[in-house]
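Sequence lines, in order, name chains A and B. Read in order, the letters of the first sequence correspond to residues 1 to 216 in the numbering used here. Read in order, the letters of the second sequence correspond to residues 1 to 549 in the numbering used here.
Quick caveat, the hints were computed from the structure, so don't treat them as lab data. Misleading hints may appear alongside valid ones.
[What the hints assert, rightly or not] Computed spacing ranges between beta-carbons, pair by pair: (1) A:Pro153 with B:Asp352: 48 to 56 Å; (2) B:Glu14 with A:Pro153: 55 to 63 Å; (3) B:His402 with A:Arg188: 54 to 62 Å; (4) A:Pro153 with B:Thr38: 51 to 59 Å; (5) B:Glu164 with A:Asn84: 44 to 52 Å; (6) B:Tyr183 with A:Asn48: 40 to 48 Å; (7) A:Phe192 with B:Asp74: 55 to 63 Å.
Cβ coordinates follow ideal geometry from the N, Cα and C atoms, glycine included.
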Amino acid sequence: MEVKIKSMKHEDFKDNEYIDKLVEELNASGTNVVVGKLDQLINWGISNSLWPFCFGTSCCAIEFMCLGAARYDMARFGFEVARNSPRQADYIMCQGTITYRMAPALKRLYEQMAEPKYVIACGACTVSGGPFKNSYCVVKGVDEIIPVDVYLPGCPPRPEAMFYALMQLQRKIKVQKFFGGVNRKEKRKEFFESKQVAPTVEQAQDSTIENLNNQE
Amino acid sequence: MADFQEQIGNLCPEAQFDASGEFLLVTVPDEKWHDLATALKNEMHFDYLTALVGVDWKEELGVMYYLTNTETQDMIHVKVATTDREQPRLHSVSDLWAVANYQEREVFDFYGIEFINHPDMRRFFLRNDWVGYPLRKDYDESPEKNPIRLDDEQNEDDTYRLVEDENGNVTRVDGKVFEDEEYVINVGPQHPSTHGVMRYRASIEGELVKKVDVVSGYIHRGIEKMCESLTYPQTLLYTERLDYMSAHINRHCLCLCIEKAMGLEVPRRAEIIRMTMDELMRLSSHLLSYGCLTMDQGATTAFFYGFRERELIYDIFDKTCGARMSMSYMTIGGVVADVHPDFIKDVRNCCDVVTEKLKEYHKLFSGNVIAVNRMKGVGILGKEDAINYAVTGPSGRASGCHCDVRKCHPYSLYNEVDFDEVILENGDSMDRYMVRMKEMEECIKILRQCCDMLEAEGIEGEYIAKVPKLIKLPAGHWYQQVEGSRGAFGVYLESDGDPKPFQKPYRLHFQSPCFNLVGVVDLTCKDNLIADLITITASIDYVIPDIDR
Ligand code: SF4
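Please work from the sequences and hints to get the whole structure.
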């Protein structure tokens with residue numbers, strides 16, 4: 001018995017309605033030539049030297065390590081400089097379940113990253129809670145806490161799938177607006193407002209300062 | 001069994017016995033338990049606390065203890081319970097078996113049972129502001145009670161003890177984990193060298209570590225609770241997400257436990273395949289720990305070497321199971337599919353390659369001056385301590401313990417294959433590393449024999465027994481252990497025998513080896529350099545999701 005596996009066709013791989021739409025939206029009001037070119041240059045640079053922040057909590061992290069090892073070798077795409085400090089990284093690849101106890105730490109790590117920053121939700125756990133959806137202490141998808149740019153399903157995703165997610169992120173970056181691109185930040189603000197989660201560290205600090213002022 | 005009953009009856013006349021299960025079950029009232037435990041340990045040599053499981057029987061809350069005599073490998077099973085649900089209290093045995101310290105904290109976390117005379121009664125997995133005890137049957141799961149909190153935990157240093165005086169009055173004494181004048185540094189929870197989300201708080205003097213407080217639970221997913229609402233075949237999935245580096249082995253263990261409860265006979269071919277998979281897994285796990293240990297000391301190239309060979313094993317899994325990790329291959333009654341036609345050839349090839357490469361590894365790293373200086377005589381764990389802290393697996397064997405479950409309590413077909421249990425003496429980081437390197441050779445030895453056995457079975461055969469569609473277990477409890485890549489992995493399964501349309505486990509507990517391993521971090525790191533904390537923990541080699549479950 002022969003099993004035929006339908007692999008992804010090249011056209012499908014390139015087919016990104018969602019990104020096309022994004023480009024259209026961005027260009028709706030036209031682009032200044034100089035700014036547009038600069039944008040392109042910067043985005044080309046960012047997208048080809050994306051440095052990941054090592055954030056592996058569980059099984060998916062092992063597959064990510066395979067990505068860094070000899071066979072898959074993500075250095076080919078400019079991803080190899082895995083950083084251990086969020087301040088030096090461009091994106092968080094969330095590998096593994098996020099629990100209630102870890103949630104504040106993840107939030108804080110995200111806040112510590114420098115702009116521009118991106119998030120890939122890698123694995124079923126980070127997309128939706130995955131096999132642990134019914135648990136009493138698992139966050140049902142990291143998008144409850146931080147905004148996500150690319151969702152990557154799988155339990156764990158194969159290294160090839162991880163590449164696909166990373167390249168998808170590259171594509172997204174290539175069309176973003178760096179100058180005058182306020183929309184990303186705006187969206188992020190909206191995101192945090194809509195989530196109505198407990199105050200962030202910064203907000204908490206602000207409120208304590210306010211309290212202090214009031215006391216005075 | 002009968003003489004245990006007599007001996008224990010003399011020691012504690014109140015004890016009740018039940019010899020119908022696998023092991024002798026002794027039920028003791030709590031007031032007598034500590035005295036009996038002392039006698040069991042000192043007089044009857046039950047020095048290894050194999051498992052400590054909290055259970056909620058609705059009218060009672062209690063703990064099941066499994067004790068092993070390390071000389072004769074006899075096991076007994078003790079039950080202690082209390083009917084008080086408002087303020088359940090039992091006596092602690094952490095002064096007798098050091099491993100009970102963390103395990104009792106786990107029970108406290110899950111069931112709210114407080115242990116009298118326990119030195120440090122804090123939650124272990126959940127945040128200290130958590131409301132309720134999740135594994136109780138009447139736990140309120142509504143998200144309003146415990147929302148996702150994004151603020152930091154408060155008062156981490158606060159702890160308390162319950163002290164009992166001669167008259168049996170219990171008083172609460174508050175305390176601190178670290179004194180104010182101690183200099184405490186924080187490692188984790190997101191630190192590359194803790195191999196996952198583990199957090200240590202180390203009190204240091206100059207550069208020497210004085211005390212390490214382990215803060216765990218950053219990847220606690222509540223697997224045991226979730227299992228209680230799934231059918232037996234569904235629970236299998238979680239075993240692979242505990243210690244993902246011994247996925248097959250853990251799954252094998254739960255399968256064996258359920259099969260034991262059902263009284264199911266597994267075809268020989270299936271057992272051979274399972275054993276082969278187990279050993280491949282172990283090989284892959286040891287290769288990974290080689291890679292990580294070397295990388296933690298700065299030898300990045302060696303890491304790549306370890307991973308290069310692991311890909312061979314991944315390929316074998318990929319071909320037969322259809323996945324590289326989380327294979328979901330074993331099932332109740334056998335395995336889900338027969339092996340790939342190339343299986344035997346691939347396994348043999350893998351054995352040959354790894355045998356060759358192991359020489360290279362030794363040349364590259366084992367004799368290296370830096371490695372030797374950083375590992376030899378560092379982080380010593382004595383044999384007594386290893387047993388006391390129930391450290392098993394390669395780390396236990398490096399301290400000279402005879403603790404390989406494959407030899408002590410043979411399961412599957414391990415009594416048909418010929419291999420040696422690698423035991424070293426010094427118990428330092430170097431020995432822990434060397435045990436793994438030597439064990440890889442043993443793995444290869446077993447794998448070659450497995451290939452022969454599989455060849456003798458023919459190309460095709462029966463790989464799964466006839467299993468009823470609905471799996472129903474009689475009321476009772478079972479304990480099964482196997483040798484995981486990091487130590488003895490155990491499954492405690494309790495069934496209430498209730499023939500609901502889909503029967504679910506009443507209680508399923510995973511006794512993970514890494515949980516015990518992390519218990520010795522404080523002991524082994526004490527008076528060592530803070531920089532060596534990393535090498536020591538890397539050589540102990542635990543997997544965090546296995547600790548937290
Ligand atoms: S998605 Fe699957 S493999 Fe990844 S962390 Fe979750 S359980 Fe593990």
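How the hints compare with the structure:
no., hint, result
1, A:Pro153 with B:Asp352: 48 to 56 Å, "37 Å, violated"
2, B:Glu14 with A:Pro153: 55 to 63 Å, "57 Å, holds"
3, B:His402 with A:Arg188: 54 to 62 Å, "58 Å, holds"
4, A:Pro153 with B:Thr38: 51 to 59 Å, "54 Å, holds"
5, B:Glu164 with A:Asn84: 44 to 52 Å, "47 Å, holds"
6, B:Tyr183 with A:Asn48: 40 to 48 Å, "44 Å, holds"
7, A:Phe192 with B:Asp74: 55 to 63 Å, "59 Å, holds"
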